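Colleague: Read off the chains here:
Number of protein chains: 2
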Amino acid sequence: MLKVTSQRSTINQTKIKDDFWSQWIDIISTKTIPYQWKALNDEIEGAPPSHSVENFRIASGQSSGTFHGMPFQDSDVYKWIEAASYSLIHYPDQELEAKIEELIELIRQAQQDDGYINTYYTVAKPNERWTDFSHGHELYCAGHLIEAAVAYYEVTNKDTLLAIANTFVDYIDSMFGIEDGKRKIYPGHEEIELALMRLYKVTGNKMHLNLCIYFINERGTQPSFLLEENTLIGERDRWFGLDYHQAHAPVREQTTAHGHAVRAMYLYTGMADIAKETGDKELKKVLKRLWNNVTNQKMYLTGGIGSQGHGERFTTEYDLPNDVAYAETCASIGLMFWAMRMLELENDRQYADVMETALYNGVLSGISLEGTKYFYVNPLEVFPSAVEERFDHKHVEPERVPWFGCACCPPNIARLITSIGQYMYTTSENKINVHLYIGSQTEFNVNGKKFEIIQKTNYPTDGKILFDIHPEKPTTHEISLRIPAWCEEFTVKINNQVIHSPINDDGYITLSKEWTEKDTIELELPLLVEKIRANPRVRENIGKIALKRGPVVYCLEQEDNGPHLKNIFIPRDETPILNSIDNITSLEIKGVRYEEDQWEGNLYSSHEPVRKPVKVKAVAYHMWGNRSPREEMLVWMNEI
Amino acid sequence: MLKVTSQRSTINQTKIKDDFWSQWIDIISTKTIPYQWKALNDEIEGAPPSHSVENFRIASGQSSGTFHGMPFQDSDVYKWIEAASYSLIHYPDQELEAKIEELIELIRQAQQDDGYINTYYTVAKPNERWTDFSHGHELYCAGHLIEAAVAYYEVTNKDTLLAIANTFVDYIDSMFGIEDGKRKIYPGHEEIELALMRLYKVTGNKMHLNLCIYFINERGTQPSFLLEENTLIGERDRWFGLDYHQAHAPVREQTTAHGHAVRAMYLYTGMADIAKETGDKELKKVLKRLWNNVTNQKMYLTGGIGSQGHGERFTTEYDLPNDVAYAETCASIGLMFWAMRMLELENDRQYADVMETALYNGVLSGISLEGTKYFYVNPLEVFPSAVEERFDHKHVEPERVPWFGCACCPPNIARLITSIGQYMYTTSENKINVHLYIGSQTEFNVNGKKFEIIQKTNYPTDGKILFDIHPEKPTTHEISLRIPAWCEEFTVKINNQVIHSPINDDGYITLSKEWTEKDTIELELPLLVEKIRANPRVRENIGKIALKRGPVVYCLEQEDNGPHLKNIFIPRDETPILNSIDNITSLEIKGVRYEEDQWEGNLYSSHEPVRKPVKVKAVAYHMWGNRSPREEMLVWMNEI
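Taken in order, these protein sequences are the chains called A and B. If you want the numbering used here, it's the 1-based position in the first sequence plus 8. If you want the numbering used here, it's the 1-based position in the second sequence plus 8.
Simulated from the structure, these hints should not be mistaken for laboratory data. If a hint is listed, it holds; no wrong ones were tucked in.
Chain copies aren't distinguished; within one or between two, either way the pair holds.
EDC-like cross-link-like pairs, simulated, lysine to aspartate or glutamate; straight-line CA separation at most 20 Å:
1) K402 / E325
2) K620 / E647
3) K623 / E567
4) K296 / E608
5) K402 / D251
6) K46 / E378
7) K289 / D514
8) K166 / D101
9) K381 / E53
Remember, it's a predicted structure, so these values are computed and weren't measured experimentally.
Start from the sequences and build out the full structure, keeping to the hints where you can.
Modeller: Structure, rendered in structure tokens:
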């Protein structure tokens, strides 16, 4: 029997009741999750077949046939289970739960006698287990199995999947580690690290913690086993270097973010878990250094990361091209994971600000408003003719698609949105920190007593947030509210009395009193449209502005502004005006554009070009590509 | 014996005496050609080995060993012979001539009994002749052999190489053509077409003309033999599509330029030769359409063409990225070839303007001021950190290099510069058209009499050109002088009398009189520095200017302006001032740049950035990368 002790769980603590997010959770729960189930079962016409459920049927002997898909196809199933589990919090659904149980039984049957589970290696490469840590993804899939197991257990209290995962982890622990007789390896694609920490918090099993610590510490030791095992070295298109796997140096010696952006995010998340759990100050210092490198030198305004398609990776500092950006949806989700762990390590609004930016822009852009079409890559400008003709744009999709051959992003965004309540708060002994403003009801345990906070807000449509406080009994402790860095003025009231509270060094204001029933806090963050400029080291954005209001970045679409969006200039003294059209918050601003017909077919001219005034309309970035597909889109506009 | 009748030859007609060009011819003749001889013989330390002379030794049985290099390695030898032959015009050199003869003897020995010559197929793939027209380059190499043979013959009157080429052409003609029993193919890489026309003009052999016409007409017929023969289809990185070879449609149906830029230029050059020779009006119409597409929609300001590294090719209209430009030196040389043929088809300054632009910018940038280091790719901006880290920049060299594994460009530029005199004039029955202004002495044959024009000029340093006319006896005919499109005002004098001559529709002014000894013409083209803007359909250049003076495009270098060149803005009302430093014509203009230290490590800000005034120095584009290597360079600057 499993020894299960809960150390931390916020999964069931928060109920979302929010204009914006309730709608999203509704879409994910009622449309996306059923749609993705069909996708995993190859029932979506016109979508690349997933075959991932069928792979399990084959591996378990229920079906015959050959494996199809990526080596990590199993992870799509696990992420779907995780998302479906979270959706049960919002929409209890016996039928869905039965479907998950059925799937778990299939996974159980696919598990080998020694505990190993991976349909790719079981079906397609039975003699090649653990031979390709760079691209094989066995430990990555194990990590997603563990996360699904923990999620399903936390939501339903059922340990069917947890038992399977636990057995697999026992097997993994028997194979790999520092001890004599074990292989000294680490995963090429990180994920199991953060998953083991989630497992550890549920099981309390020190082995789970130690295995995670081992994987973190082993990474990047030299000489690298990845070089020794690898047969792809020299194949420029398939071997991306040690730093692609964050394996160029031991993690404690890493000063800048390298390689595959999702891998990096999952690693840093696991590292932060360890730093929190063990109080490892050195690791915390490393993480702060990496955080600074990512968010102040390598992050798009949208919270997108990974500026190169080849290797889906980070490049050099300030290298942030808009049109060939990669900015994978999963990478922004990973950035949220990491940001949340950093908030657990130390309260600082920089983490929450970035988390919120990624959420409202680079993450949400990855899914259509109907929840059934996806972007993998989230560029900051799109020119369909370049995408069609240029080889260096081939990773960019100018149109949301029903599924991907490599379908990591769709279930990842589904599990993120259905678990959004977990990103709102952190608590420490005598303090509740509020990071995200979302209409919701959350139950805390303060000194052994229930303490409920109800947020009522239309944020980010407007910046007023009302907190109703419901303590089980009057209690004195601190509530800290994030004042985002973009907010230069704010007002806060307790029980309608304005409080003159300074902003702490961490960017929060701290309110402390004996909280009693019917106490209210009212926070007002003025949501002004800002013209954002990038550090001039970012070559692509020099002389340009982007529009942002609160956490929401805006973009221009061809649908509203005609083609050739780059030929729009925003005069320095023009101010954007907020619109509200069809439930879409959009902006209007006066601009100019060069007359195109004066050129009479010429390519170059020494004559001063003629400019004409135009009305420019911008919409929230995350909504782009939801109307006419294969049209232009632009975030950074020329300023004049 | 060969029947040799010269139809046209200007190779020996012009002697260059020019500050700018005599120096270049001197460098090429005394440094570059000896240097390249060493390179071809693998005697340059640190350069990739060429092995190309050794390949001939192996093929001729003088040496044993294996073939090394590209399948088209032979062409480097042929182009070197062509360049060396032209250099003999300027610098008669017995020793060099003997070296060429020795090489010709080697080639003769490498020629197979049936007339075939190609060291790659002879040595490395003896059973695979004529199996890979897409990448095999056998007819391409044959073309360069022919060009070398014609050049050597025209300069020295020796037909040793011509005889070899002629035998090879006889063999080729026996293999390929419309007639029964011959294979219906055409070269994947065009070159032999224009070479056959050069040969035809020397030999008068109609077969040479007809073979060329056949290759032109066969190209692009469907179904394509290239698809049938090709085993690479599906290999995204090696099969670039039919349009890569300009074989997507019969040439007469082609409306836009496609594919590999050098291939396209060589094809269009051959097509123009045919159109001139046969009076084919349909072909002329096609060429004008293609010319318009290339020069008004797909050409960099520098005369560079081919905006994508992958496939070294044209992409879509107005897609002209500056940093990932390909703009191969050979492509700009090919553009000059084509432009010159278009001038022979019809006099119009658009051809000469483009030819001159390519010459002074995209061609000359391909060679260092010392003549011994080269660029293959000629981008319009370079950021070394991007080149080092970004996969989509991997074709860009931020530093001139001593040689290339694929070394087509270095000997190509050598033969171009040593034959520059051929690009200055065209003649028709009663007219001499002057296209390029270069200090020189040229002897024409007018109505059977000698007619000499001496140009004296410092152009393009200044815009004054003096023509001394020396007719053998007084004669009445027209002399047309190009007024470049960038020149809005000009003055022209005959014997010190101002002539008020209107510009013809073709962009030339026509002077006609009975020319007598001591007549002079004086043309003054004011060389003003222009701020050039690109058609706003060119996304990359919106809101930017480039500086140009006469035909010379300028650029900024890090050496003069510090790093982060993109952070320089030129105010709309600032005027550049001409400098003259160290024999280099450079410009200065007042600019501003954003303070970088105000950012304090932040990536994005809503604060108005602080600008500080800076002096901006620009140098001629073709000279970039001659001082500190691996530094930034920029042509298009932000305007404010």
